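J.: One-letter residues, chain by chain:
Number of protein chains: 2
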Amino acid sequence: MARISMEDVAARAGVSITTVSRVLNNTNHPVSEKTRKKVMKVIQELDYKPDISAQNLRQSFNNIIALITRDISDPYFGEIARGVTETANKYGILTFVCNTGRDPENEVQYHELLWQHRVRGIILGGGGLNLEAYKLKLQEQINRYKENGHKIVSLAPQGFDMDYVMIDNRGTGELITDYLIARGHTSIAYISGPQNAYTAFDRLEGYQLCLKKHNLPYDDLMIAYSDDSWKGGYEAANILLNRSIKFTGVCCGNDNLAVGALRAFKERGLAIPEDVSVISIGDLPNANYTAPPLTTVRVPLYDMGAKAVTIIMSDDTQKYNANIIFKTMISERQSVSNIK
Amino acid sequence: MARISMEDVAARAGVSITTVSRVLNNTNHPVSEKTRKKVMKVIQELDYKPDISAQNLRQSFNNIIALITRDISDPYFGEIARGVTETANKYGILTFVCNTGRDPENEVQYHELLWQHRVRGIILGGGGLNLEAYKLKLQEQINRYKENGHKIVSLAPQGFDMDYVMIDNRGTGELITDYLIARGHTSIAYISGPQNAYTAFDRLEGYQLCLKKHNLPYDDLMIAYSDDSWKGGYEAANILLNRSIKFTGVCCGNDNLAVGALRAFKERGLAIPEDVSVISIGDLPNANYTAPPLTTVRVPLYDMGAKAVTIIMSDDTQKYNANIIFKTMISERQSVSNIK
DNA sequence: CATAAAAAGGAAAACGTTTTCCATGTATTT
DNA sequence: AAATACATGGAAAACGTTTTCCTTTTTATG
Numbered sequence: 001m002a003r004i005s006m007e008d009v010a011a012r013a014g015v016s017i018t019t020v021s022r023v024l025n026n027t028n029h030p031v032s033e034k035t036r037k038k039v040m041k042v043i044q045e046l047d048y049k050p051d052i053s054a055q056n057l058r059q060s061f062n063n064i065i066a067l068i069t070r071d072i073s074d075p076y077f078g079e080i081a082r083g084v085t086e087t088a089n090k091y092g093i094l095t096f097v098c099n100t101g102r103d104p105e106n107e108v109q110y111h112e113l114l115w116q117h118r119v120r121g122i123i124l125g126g127g128g129l130n131l132e133a134y135k136l137k138l139q140e141q142i143n144r145y146k147e148n149g150h151k152i153v154s155l156a157p158q159g160f161d162m163d164y165v166m167i168d169n170r171g172t173g174e175l176i177t178d179y180l181i182a183r184g185h186t187s188i189a190y191i192s193g194p195q196n197a198y199t200a201f202d203r204l205e206g207y208q209l210c211l212k213k214h215n216l217p218y219d220d221l222m223i224a225y226s227d228d229s230w231k232g233g234y235e236a237a238n239i240l241l242n243r244s245i246k247f248t249g250v251c252c253g254n255d256n257l258a259v260g261a262l263r264a265f266k267e268r269g270l271a272i273p274e275d276v277s278v279i280s281i282g283d284l285p286n287a288n289y290t291a292p293p294l295t296t297v298r299v300p301l302y303d304m305g306a307k308a309v310t311i312i313m314s315d316d317t318q319k320y321n322a323n324i325i326f327k328t329m330i331s332e333r334q335s336v337s338n339i340k
Numbered sequence: 001m002a003r004i005s006m007e008d009v010a011a012r013a014g015v016s017i018t019t020v021s022r023v024l025n026n027t028n029h030p031v032s033e034k035t036r037k038k039v040m041k042v043i044q045e046l047d048y049k050p051d052i053s054a055q056n057l058r059q060s061f062n063n064i065i066a067l068i069t070r071d072i073s074d075p076y077f078g079e080i081a082r083g084v085t086e087t088a089n090k091y092g093i094l095t096f097v098c099n100t101g102r103d104p105e106n107e108v109q110y111h112e113l114l115w116q117h118r119v120r121g122i123i124l125g126g127g128g129l130n131l132e133a134y135k136l137k138l139q140e141q142i143n144r145y146k147e148n149g150h151k152i153v154s155l156a157p158q159g160f161d162m163d164y165v166m167i168d169n170r171g172t173g174e175l176i177t178d179y180l181i182a183r184g185h186t187s188i189a190y191i192s193g194p195q196n197a198y199t200a201f202d203r204l205e206g207y208q209l210c211l212k213k214h215n216l217p218y219d220d221l222m223i224a225y226s227d228d229s230w231k232g233g234y235e236a237a238n239i240l241l242n243r244s245i246k247f248t249g250v251c252c253g254n255d256n257l258a259v260g261a262l263r264a265f266k267e268r269g270l271a272i273p274e275d276v277s278v279i280s281i282g283d284l285p286n287a288n289y290t291a292p293p294l295t296t297v298r299v300p301l302y303d304m305g306a307k308a309v310t311i312i313m314s315d316d317t318q319k320y321n322a323n324i325i326f327k328t329m330i331s332e333r334q335s336v337s338n339i340k
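As you go down the protein sequences, you meet chains F and G in turn.
Going by this note's numbering, the first residue of the first sequence is number 1, and it counts up by one from there.
Going by this note's numbering, the first residue of the second sequence is number 1, and it counts up by one from there.
Because the hints were derived from the structure by calculation, they are not lab data.
Since the structure is predicted, the reported quantities are computational estimates derived from the model, not experimental observations.
C-beta: ideal position from N, C-alpha, C; glycine also.
It is possible that part of the hints are untrue.
[As the list claims (entries may be wrong)] In silico DSS-like pairs for lysine-lysine, Cα to Cα no more than 30 Å straight-line:
no., chain 1, residue 1, chain 2, residue 2
1, F, 137, G, 38
2, F, 137, G, 90
3, F, 137, G, 49
4, G, 135, F, 49
5, F, 137, G, 37
[Said to hold, decoys possible] Beta-carbon label-pair distances, calculated as ranges:
no., chain 1, residue 1, chain 2, residue 2, range
6, G, 293, F, 212, 49 to 59 Å
7, F, 46, G, 49, 57 to 67 Å
8, G, 143, F, 58, 27 to 37 Å
9, F, 293, G, 25, 13 to 23 Å
10, G, 34, F, 303, 57 to 67 Å
11, G, 231, F, 186, 51 to 61 Å
12, F, 112, G, 213, 51 to 61 Å
13, F, 131, G, 293, 45 to 55 Å
14, F, 143, G, 105, 39 to 49 Å
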């Protein structure tokens with residue numbers, strides 16, 4: 001079965017390729033019902049499928065979406081990727097998944113490649129870092145996209161002017177802190193993602209704000225930074241435990257950190273939630289399968305990814321210029337105790 | 001900054017586009033050093049990047065790789081995806097990630113789209129189902145790929161003739177069973193993935209073989225089937241617990257199942273590994289963060305994904321016709337007890 | 001019935017590359 | 001000195017579509 005081109009179809013149907021194209025694309029140029037039927041029949045018989053590269057070349061844009069993630073093996077991005085790819089699939093288009101491995105240089109490179117592919121839209125999965133060294137280059141690349149009609153939407157703060165589909169990170173940081181305070185906790189530690197990550201920063205700020213709101217003392221020693229991995233959470237928890245501080249609750253910037261922390265606490269013989277309460281942000285599918293099941297904030301990652309695709313696929317006429325904030329709410333499980 | 005084409009470069013450099021192409025692609029048609037320099041300079045100045053759709057059209061193949069997964073949010077496929085995308089990136093090419101959501105119809109559709117894109121190679125991530133209804137169609141699509149020079153390689157058994165990069169699933173099933181037997185377990189249950197999944201079937205077969213080898217009785221009641229999810233493992237474990245059988249150890253077809261089972265056992269007040277030992281296959285990154293940390297077989301998913309890309313990118317002259325088997329070995333942690 | 005408008009279809013240009021083929025000039029061989 | 005080979009470059013075809021423009025036929029309008 002070799003490749004069939006429009007020319008083959010046209011020849012066999014006894015029409016011009018123009019007509020075949022018209023039938024296929026349902027243009028508003030009229031085609032008689034008889035011809036349409038005839039062409040359709042041949043298309044079926046030959047199992048003709050248009051060559052997408054040729055379409056792209058002629059139309060000078062590419063019906064492909066790209067998702068840029070920091071680490072596709074992280075379930076956080078996995079959820080997003082599922083939302084993006086499945087929604088793209090509904091539109092009949094494919095998704096490039098780009099894995100930067102936390103290296104901004106890689107991200108810059110990926111943008112170069114995506115530009116060459118003329119992808120229709122780019123989704124920034126998150127984990128953007130506030131790095132002066134790359135800001136200028138990235139800003140340039142983003143501008144280039146915008147000037148040339150490519151859409152770009154981010155699922156996390158980026159420090160650039162573009163479309164956003166997010167949650168209220170600061171508010172969610174407040175939410176989890178509030179949750180612990182409402183249950184009688186007054187000494188609350190915080191395990192945060194990288195200091196230069198926008199998302200981590202905002203969530204931590206929410207924690208700080210919330211303490212202030214409740215007139216609780218704030219202490220830098222109560223905060224440990226790490227990357228966003230299980231290992232990072234494990235190490236950060238150990239750092240907290242080795243400091244001369246006391247806490248009955250810990251807020252974690254995301255689920256991975258909490259899972260790591262859980263193990264660290266258990267190793268020290270601390271019971272969860274009796275000795276220390278743990279709460280985090282994410283509600284990834286496996287939060288229900290930790291020991292104990294994790295109380296965490298549901299972040300609608302799948303829906304956010306799906307929404308981003310919708311924005312990209314929307315006609316230019318429907319100006320979105322989106323700044324969409326998804327609601328979050330706490331999934332109560334068993335990692336927080338009420339000590340009031 | 002609008003799009004720059006080869007024509008712009010040629011005009012500014014005072015040469016033909018042929019020459020620009022020659023410089024860019026380092027063809028063996030000679031170009032004088034002077035001209036080369038001149039062209040290079042203009043390429044730099046204009047920041048010219050070739051349009052990939054045009055290249056693809058002319059070369060009639062597309063420098064894109066596709067990865068087909070059942071569920072990209074499953075860390076199992078996440079690891080594979082990381083190996084694939086990062087390796088592809090080293091070759092300077094992009095990766096389509098296709099998520100079938102366990103629906104073979106979706107897979108058939110994806111193949112149609114990938115065919116239209118003329119992707120250079122397709123990687124079947126695994127989870128192939130032995131379904132008569134789709135076998136014919138899939139076989140057709142695979143043949144079409146092969147006849148037209150597209151490469152296709154699978155990371156799990158598929159029941160079709162193609163390149164494979166795998167582990168020895170049956171042998172690994174034996175390995176984990178053997179591990180429990182060597183530690184004095186004689187009543188060993190098994191939690192398996194779907195009955196019609198090739199991988200799950202082979203691993204289970206290894207378990208059965210191993211029992212036979214050791215002259216241990218085999219009982220259908222000791223086996224519970226599920227999907228490959230946490231929830232599935234949780235439910236399967238409960239099914240086992242509700243049957244009138246006794247076991248001191250459980251082999252799980254993969255890590256997800258084990259994580260779910262862990263929770264089910266704990267809910268019933270069973271201590272791991274004192275009351276029941278759990279072993280599985282996968283060694284996903286979070287196997288180190290379960291309670292207790294999971295004893296499991298390391299499957300080099302990242303490397304398998306990477307290898308698959310290498311095969312796809314290899315010249316046709318180097319005939320691979322691969323059937324590459326990666327070695328597996330047990331990562332000993334704390335979910336298995338020695339009761340001898 | 002004459003004429004304008006709409007229906008129906010095709011030829012050819014265009015998208016941006018790579019590649020084939022040809023032309024010219026220079027160096028090497030006999 | 002003639003003949004051959006090679007270095008260097010360009011024109012044009014090709015890849016497979018979509019789209020612009022044009023022609024012919026049919027239908028609607030007065």
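J.: Need the status of pair residue 137/F, residue 38/G: alpha-carbon distance at most 30 Å?
T.: 26 Å, holds
J.: Regarding residue 46/F and residue 49/G, is the given constraint of 57 to 67 Å on their beta-carbon distance met?
T.: 36 Å, violated
J.: Measure nothing beyond the straight line between the CA atoms of residue 135/G and residue 49/F; if it is 30 Å or shorter, mark the hint as holding.
T.: 21 Å, holds
J.: Do the alpha carbons of residue 137/F and residue 90/G lie within 30 Å of each other, as the hint requires?
T.: 21 Å, holds
J.: Taking 49 to 59 Å as the stated bounds, is the beta-carbon spacing between residue 293/G and residue 212/F within them?
T.: Roughly 39 Å apart at Cβ, these two residues miss the hinted range, so it is violated.
J.: Within 39 to 49 Å or not, the Cβ separation of residue 143/F and residue 105/G?
T.: Given range 39 to 49 Å: holds, Cβ gap about 41 Å.
J.: Could one say that the CB atoms of residue 34/G and residue 303/F fall in the range 57 to 67 Å?
T.: 58 Å, holds
J.: Keeping to a limit of 30 Å between CA atoms, is the pair of residue 137/F and residue 37/G held or broken?
T.: With a Cα-Cα distance of about 26 Å, the restraint between residue 137/F and residue 37/G holds, given a limit of 30 Å.
J.: Using the Cβ atoms, figure out if residue 143/G sits within 27 to 37 Å of residue 58/F.
T.: 30 Å, holds
J.: Within 51 to 61 Å: is that where the Cβ-Cβ distance between residue 112/F and residue 213/G falls?
T.: Between residue 112/F and residue 213/G, where Cβ atoms are some 56 Å apart, the hint holds.
J.: Please test the hint of 13 to 23 Å on the beta carbon pair from residue 293/F and residue 25/G.
T.: At roughly 57 Å between Cβ atoms, residue 25/G and residue 293/F fall outside 13 to 23 Å, so the hint is violated.
J.: Quick one, are residue 137/F and residue 49/G close enough, alpha carbons at most 30 Å?
T.: 16 Å, holds
Consistency with the previously given hints fails for numbers 6, 7, 9, 11 and 13, ordered from lowest to highest.
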